[in-house]
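Below are the chains, spelled out letter by letter.
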Amino acid sequence: MKSVVLLTLVVGISALGLAQVEIEFWHAMMGGHLETLEMITARFMEENPDITVNLVFKGGYGDLNMALIAAVAAGDPPTMAQFYTDWVAAAYQPALLPLDGLIPEDVLNDIPEALLRACIFDGTLLTIPFNKSTLILYYNTALVPEPPTTWEELREMAAALTVDEDGDGTPERFGFGLRPYPEMFTFLFWQAGGQFFNEDMTECTINTEAGVQALNFLLQLKEVSLFQRGFLSGPFGAGRIAMYIGSVAGIPFVARAAEDGGVSWNTAVLPKGPVNNDSIYMGTDVGIFAMGSTPEERAAAVRYINFLLSPWAHLEWAKGTGYIPFRHSVITSAEWQAYLAEDPTRVAVTEQAFHGFSYPIHREFFSIRGVWGEMLEYVLLGEMTPEEALEWAVSVINEEYLGG
Amino acid sequence: MATVTSTGRLRTAAGAGVYLVRRLTWRTFAYAVLTAGAAIMLLPFAWMLSTSGKTLGEAMRIPPVWIPREQVMVEVAGEELPLYRVEVAGEVRQLALLERTGAQGVFVDPADPSQRYQLPLQEAKRVTRIRFRWENFVVAWNMAPFDRYFLNSLFLAVTTSLGGVITSIFAAYAFAKMNFAGKNWLFYLFIGTMMIPGQMLLVPNYITIKQIGWYNTYQALIVPWIATVFGIFLLRQFFKTIPDELWDSAQIDGCSRFRFLWQFVVPLSRPALVTLFLFRFIGSWNSFLWVLIMTRDDAMRTVPVGLFAFSREAGTDYHLLMAAATMAMAPLVLLFLVAQRQFIQGVARTGLK
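Protein chains in written order, with the numbering used here: chain A, 23 to 426; chain B, 29 to 381.
Derived from the structure by calculation, the hints contain no laboratory data. Any given hint could turn out to be false.
Derived list of chain B stretches under chain A, where covered just means 3 residues or more per stretch with a C-beta under 8 Å from a C-beta of chain A [unchecked claim]:
(1) 84-90
(2) 226-239
(3) 312-321
(4) 330-341
Beta carbons are placed, not taken as given, at the ideal position from N, Cα and C, and that holds for glycine.
Please model the complete structure; the sequences and the hints are all you need to start from.
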């Protein structure tokens, strides 16, 4: 009898062992972000004891991409990874598992279309939004009782708040903080009604009135701005700038810098441009590699992705990391509303989360974005007029990246 | 009166005076330039040490804060409140900030809490005192498994440095003291490989490591790094300064090449070997991308990977990063101090810059 029980136990344990699936998720999350991801993953493994998810940190985004390129070249990538849209278009599209039909329709319908569009490559859903951020307005509540709601108001307030007490030409306090990176141009261009490319993406179309409006507005803002390449949370927390536009991912840094500098602050949705007040969706998505994975591993990864999208995990992820919640049902849930009551700086984040756009998908997008950044610098440093810079950028992009 | 200079030329007293002034001027100038250079080199280190004791806000402030300070708090009716310097009716007073209401703040006198003043926050200056936050080191240490990372870094640095020195001794000796067909071409080929950027080799090396089953093992982190072209070049230059007559004499006494290498060449080359060991050690200690790509488990990772714990896409915890960087740099500084004399000799004699 004893031996029968023992045999049953051994067979049972072996069977359990055989059914165990192990998947690897390569990511670039660290610190508190990683802790939240680990907490969510631990809960997933508790609920799915047959699956083990190994979270593998692969450095910053650049390092992660390099590791993925090497792994795909070796034909042995991880089961899952984080991706920027242009990485997928440039290198990983054929290696990824199509997710059409694997994510419930009601979940996909719950995500903003603009956000989901960046996950669809040539008509196939290959990735799912993961750590998404967007731009918002940070403002010093002691200086700005009501945040600006239009470009004009922003310009006027920034000018009024710029103070040069000793008259040495360098203001002691600036109304605005300006950091030159491509998104500072692209979101304004979009708000002015611009389209980045023509329909078949053979031409860049930023050399329009919208482009000129966006660059001219930035030039006007620069007059009353602290202009620097470093992150602006420091000068904002020290009370040196009254407002700035930055990623929601910067909230923890602003909070600490402001606490240290004794500055009271809040966030607001972006001031509206001539057409809309949309912000850009930034951050990465997650996808599953069909290459080098077994059907069991792929199935386990699909279960994990669906868990990440589940209301509980999505809520915890947004709360724990500061990334935007992007499921409509989660944002309207009582739990999220209760959380907003605790943290008012996230109210604007929630509102902005549904007013956004994603960049169009193109395999050369990384380089195209770089040209936009270069163009912005030429204008802000006074080396070109907005019209000249736009023409220059369009000719470079059309000739070098769009095959014109 | 005239004196004879070391070059045999006669110098008068007046000439000696001019010479002395010139020499003094030149030396003063040289030392001034060197001091300025040293200060420029030391500035980032000073900022690193200073920042390791700051708050995040202080670390990011422009113009930079060199001495960390903290807000002075006072107890008012059982509550800890920040102390501010404010002007009330033309008199500068130190009051505690009770609450903020938009651009205004409600201030109270700590000595007499019944006295309250509503004043503009912009005009209030915080009262601070010097404070170096030693706790940053503890927080930084606990943000990643640094104990494991330090052990790994130490193990890898010692093994790859020793391995690199040993293989370089053999190859450098062959290139410096032996004659064989194609020696120079082979040496140029070796040197030529130094011009290939490491990133270019990352993908093929990753494929190789995967195919031989070394992914996520210490072999992957050690074996590829125990051959070093730079080391071969460095030691070859040094070995060439050892007279060939020494080998001729040793040969007459029946000494084998191997014995000559270990009993004569290696002891005579101590400065160069120490220099190479130090260079390898620093290189391995700072190695990041290779370790990150060739390993999966956190238990295999090293200190530079741990330093990533303080960076995010929207900012960096500079105060904690600098505390961790100070800890990460300490073993290298210690090693340099111990081997300083040999290192300088090695650099001087091999013509390295």
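- So which hints don't hold here, by number, going up? none
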